[in-house]
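Those protein sequence lines, which keep their order, are chains Z and U. In this text, residue positions in the first sequence follow our numbering: the first is 24, and each later residue adds one. In this text, residue positions in the second sequence follow our numbering: the first is 24, and each later residue adds one.
Hints are computed from structural coordinates only; laboratory data are not their basis. Nothing false has been slipped in among the hints.
Remember, identical chains collapse to one label, so a pair may be satisfied in a single copy or spanning two.
Capping the alpha-carbon separation at 27 angstroms, the derived lysine-lysine pairs in BS3-like fashion look like this:
hint: 1; residue 1: K365; residue 2: K150
hint: 2; residue 1: K364; residue 2: K150
hint: 3; residue 1: K65; residue 2: K365
hint: 4; residue 1: K150; residue 2: K134
hint: 5; residue 1: K307; residue 2: K325
hint: 6; residue 1: K65; residue 2: K364
hint: 7; residue 1: K65; residue 2: K131
hint: 8; residue 1: K264; residue 2: K205
hint: 9; residue 1: K150; residue 2: K131
2 protein chains.
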Amino acid sequence: MSLQFEVSNVSKTGGRRGELTLPHGVVQTPVFMPVGTAATVKTVPQNVLEEIGSDGRGAEIILANTYHLYLRPGHELIRRAGGVHRFMSWNRPMLTDSGGFQVFSLAKLRKITSDGVEFRSHLDGSKHFFSPEHSMEVQIALGADIMMAFDECVETPATWERTRDSMGLTHAWAQRSLDYWKQHRHEVPWSEEQGSGSRGQVPESSNASPSGPWPLNPEPLRGHQALFGIVQGGMYPDLRKESAERLVEMDFPGYAIGGLAVGEPREVTREMIARALEVLPRDKPVYVMGVGYPDEIEEYAKMGVDMMDCVLPTRAGRHGLVFTREDPNDRSSPVVRMNIKKMDNAEDQRPIDEGCGCMVCRRYTRAYLRHLFHSGEPLGAHLNSVHNLAFYLDTMQRVRSELAAS
Amino acid sequence: MSLQFEVSNVSKTGGRRGELTLPHGVVQTPVFMPVGTAATVKTVPQNVLEEIGSDGRGAEIILANTYHLYLRPGHELIRRAGGVHRFMSWNRPMLTDSGGFQVFSLAKLRKITSDGVEFRSHLDGSKHFFSPEHSMEVQIALGADIMMAFDECVETPATWERTRDSMGLTHAWAQRSLDYWKQHRHEVPWSEEQGSGSRGQVPESSNASPSGPWPLNPEPLRGHQALFGIVQGGMYPDLRKESAERLVEMDFPGYAIGGLAVGEPREVTREMIARALEVLPRDKPVYVMGVGYPDEIEEYAKMGVDMMDCVLPTRAGRHGLVFTREDPNDRSSPVVRMNIKKMDNAEDQRPIDEGCGCMVCRRYTRAYLRHLFHSGEPLGAHLNSVHNLAFYLDTMQRVRSELAAS
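Chain Z extracted, bound-state conformation:
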């Protein structure tokens, strides 16, 4: 068993209040997943991630990027450490992307064939090759609870013909991803089927102790990783529908909707999500990749999306942008993005957001946060990121309450 998904309530708009059970724990959905690209949510220690948000429950699931971890420190190193959970000391669910999006957006000199993608590392220019099989192999070594099929991400804008061809490749790769996963999923480092073998692979010379400083999952876990297929189809409703249908035939444990939030107007994003949701099965989780602003994640959750991720809360935080509400006492009021550096904040003794109960807003003033940012102090980026993540998690907590009551 790779995952269990139970929906307890569905709103009139299609929003679903659910619970996703994964090998490393239970996730309340709809959920926002903080992005931990290189096995770290930038600037945020794991114990803070576990407590972030006004209710102190923390992030229930985080994401890591396969492309980055493959290049550095390398997936075999992480496999030998017992998987990415143990490597980074995170004992809750995780998801890895397939590396596809990063190969297409970050790597240099890509050469795409039906077999896979040859590319050069953005770090050192070294040559690499990702196929669906290799992406699966890497993701199994990382051992996140959920892994993603390897897909091609079409450039934007792209013609209908180009998009259809790319989608065809994505579907072929989805099937190959699925086939590889079915044959190899027992190889995940923490599986009971895998037995103790994975931990025995640590070379003696490395001084490695199999237990590490933190007693993370001393016993192998039951079950294995889940694999999600990715709906593509660019900005063409008919292709989105076709892509969803084709993937549903393959019968994945869950489905993602990819290739969105790449510069298109929001109504287009919304329509593409809607077309896919019409086709995707109601009893499996749906994940929209890489979105978005707090009001977007709320909107899509209410349409029936169960999972979302975005670098925005941490990236904005590092750039001094923090999220608040137009009316701090009305948590449904419009989202406002504030530049903490602005002169108005210099002597403002209020917290970032007077209606926010996060650990940053409970303790620090705008004046102090402005000073930190203005002085280039690393604590500024950290505290901004913690608030923004809390803002996202709190938003989803409120959406879950609304969906449960609807």
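Fit chain U to the given chain Z structure using the hints.
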């Protein structure tokens, strides 16, 4: 009353186990003070500072730099916020230096007269003037529990004559610092003598709420700031003795030994400290400024020094250098400085220091910390800093236990 200092035990080597009571709380001595230059201990949130160290007691006193806060965000802004404690949300004791050392080491185009120092900001080249009186005014606005007399820091090496002349200026400035402090110490923003005036100075346009998000000291505190005189005298034992004698005549609440750890051999540092300790009164706290390595702070504490500060634990941490013991099970064994980036650590599943109980060593492996640092992830500098600070605080905790039992 500015401070109370009670020594409960004195070891054969002169080390003193004491308790220093200040307006914002009690400090167990000998104590190591983390440096929070710009009202932040770099990369470390205040709640972590409150819990850092294996015993979870955290830092009992931290330091902030007057020169930096004067330039940015400005001492009058901090005064209007209620003082540096309230500004940064730190409710425990603090100490500010006089700005002297930074003016002499960081600022540009200094012009020294007997009246004070004219200098240009290292940030923007703007022209400023610090006199003893102005340093006191700034430090009273900041409102740390302990402030320091304004001193001249002589260059190294310096002739006996040059050092004697500089020392003479330092003594004249010490007297002027003391005179100003006696006349103006009631102006500290949090004093009950000051009343509510300080909080009323916030301009209405700033949206300031006098209470802020964090209910820090809603009532004015009893007492006022303490002022420490600074023993100078370069590397000349006779001048060190003379300087200590001269300052003792002025009768400060406490004494610092300055101008050390500026490149001289350690046996010279040790001798200069010893010469001053011979003269300084046993019933007042002694603070050696800007030292040092963990074995140094242990050594000086055992000689009778009550307080020390150093940027080393955080600065080294940001550069990937972490402190351990040669024998992790013997906390008195020699200190080892390890480069977390080294290849040997790539698959090392041990904590930084197997004998350390800090929050970093309880959770993260060397392999993960190496990965963070190698990947330029900001979490690496943070976790290294937290471990190093814990290492220093734990060292002093052990020294206090030894002194109590001696």
